[in-house]
Amino acid sequence: MNDGLKSPSKIKVLDGNRAAAHAVTLCKPDVVCAYPITPQTDILETLYTFHAEGVLKAEMVEVESEHSAMGVLRGAALAGGRTFTATNSQGLALMYENCIYNATVRLPVVMVNVCREMAAPHAVTAGEQDIMMFKEAGWIQIHARSCQEIFDSVIIAYKLAEDPEIRIPVVVCYDGYFLSHQWEPVEIPSQEKVDQFLPPMKMSPSVDPETALTFGPFLPPDLGTEYRYKQCIATEMAKTKLEEIEKDFQELFGRGYGGQIEEYRTEDADIILMALGSCAGTAMVAVDKKREEGIKVGLVRVRMFRPFPRERVVEALKNGKAVGVIDRNVCFGWNCGNLLMELKAALYGSGKNVPLLNFICGLCGSDITIEQIEKAIDMTATAAKGTPYKEVTWLDIE
Amino acid sequence: MQFKTKLDAAWAYPTKLFVVNVSEWRYMKPVVKRAKCCHCEICSLYCPTGCIEDMGNYFGVDLDHCKGCGLCAKTCPVHAIKMVMEV
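Sequence order for the protein chains is A and B. Here the first sequence is numbered in the working numbering, starting from 1 and rising by one per residue. Here the second sequence is numbered in the working numbering, starting from 1001 and rising by one per residue.
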C-alpha cells in the first residue's frame, strides 16, 4: 500500500479518503488525532495502516470524541507540530467549540471534512449542511471536486495554513460517497517533491517549558477587538495567498485548479451556473450538452468558500445575464441555499442586478443528475430573457 | 493602523498577562495583623488566586490581584486576618 509513497511520481487508483490519507502522509504530520465517523473512517484506517507500516511517523492520539481531538491538536500545534484531523456532520458539530478556539488562537491545523447531511433524519449520506454550519468558525474552507484535487488541496492547505502571514486553520471539504468512496486515478508525487514544496513547520513564538506562555487569556476589550481585526485582515489576505501558493504548486507539480474559483467555459457565457464540490463535474457535462444546443452557458465552481472569493466571482459573472446557483444545502431562515446568499452578498455594490435562480438538489445523499442541471440551465436561460421567474426551486420535489 | 501589540492572536507571557485589573470588583479587603500572624501558610494554601505573599515573618496580600473572597480570613487559625470594607 505504501510503495507509492517511496518511489517517484506514480499514478494509483484511490478513493477520496485514501487520496487524502496519502497526501497527509506525504506532508509528514507530527500529530494525527481524529475520531472515526462515516464516511470519513477510511482516512483514519489508511493513516493507521501507514503508521503501522512505519511510513507515517506521527504521534497517533486516540480520543473519546471529536471535541477532544480538536483539543489535542491545539496543544500539538501550539508546541509547533504539524497536525491533522478529519471529521464531518455530527462530529463537526461536537468539535465546533474547539474549532473556533483554534482559529482565534491562530493555529495552522488542517482538517478534512467529508461533507455529510446533518441529522435528522439520520442520514449517513452526502450533503453540505455540516460545512455550511462551519462558515462562521473562522476557518479557511477549500472545496474539492475530484480525488486528485483532494490530494493536492491537502498539501496546499498545509502551505496556506502555516504561512506566517496567515496562520489560520484550513478545512478541505469534499462530498461524502460521491468523492470519499469514488475511486479515481490519482498522481502521487515523490516525497522529495512534496518536501521541496512544503518545508517543516515553524511556529513563532515557540513554546517550551522554559518560557511559559498562555493562550486565549482574558483580555481587555480593546485588545480583543485588535485580535479580531487582525484575524479579519489575515483571512482576507488568504484569498490572494491561495492563488500565489497554487501558482507555485502548478509550477512544481503541473496541476492547478484556478485558485479561489474554477471557471469552465465562462469567457463568452450569458448563462452562468454556480456550484460547489463534486456536482460541478456533472454540471460540466450538462454545460457541454447545452453548448451544443446553442445556449451560451458556463460554470463557476467556488473552490474557496471561506473567505468568499467576492472579487473573482464578480469578475467571472460580469457578462452573465442570469445566474443559476446549485445548492446541496439549505440556509435556514432565508428559505434558500447558502451559496445563493453568499452570491447575493458578493454582488451587492458591483452594479450587477441580474436574475439569480437557486436550485436546491442532492440533499440527503440524492444524486444530482445531468438532466436536473440541464433543467436548471433551461430555467436560468428563460429568466435571462426577462420572463418572471421563481427564485428557489427544489429540483427533486417541484 | 496603530496596533497595541505585535502578537497576531491572544498569546501572552504570564508575567505580562495582568492587563486587566481584577481587583476592581472587590468590595472587602483582607487586612493582616502582623503581630498575630503565626506564619503557618494556611491562608496561602487556601487562597484561590494565589495572591498571598510571604513577607518573611508574616504573610501579606497582593491587593492588585485579591478579589476579596475572604477565604484567608475564614481559614486563619489565629484570626490574624480581618475583612474590612473598601472605601
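Derived from the structure by calculation, the hints contain no laboratory data. We put the CB at the ideal spot given by N, CA and C, even for glycine. Treat each hint with caution, since some may be false.
[Unchecked claim] Derived DEER-like restraints, expressed as beta-carbon distance ranges:
id	chain 1	residue 1	chain 2	residue 2	range
1	B	Lys1082	A	Glu210	39 to 47 Å
2	A	Gln90	B	Lys1082	42 to 50 Å
3	A	Lys135	B	Glu1041	28 to 36 Å
4	A	Glu251	B	Trp1025	54 to 62 Å
Could you check the structure against the hints above and give me the numbers of any it violates, in ascending order?
Of the numbered hints given earlier, those the structure breaks are 2, 3, listed in rising order.
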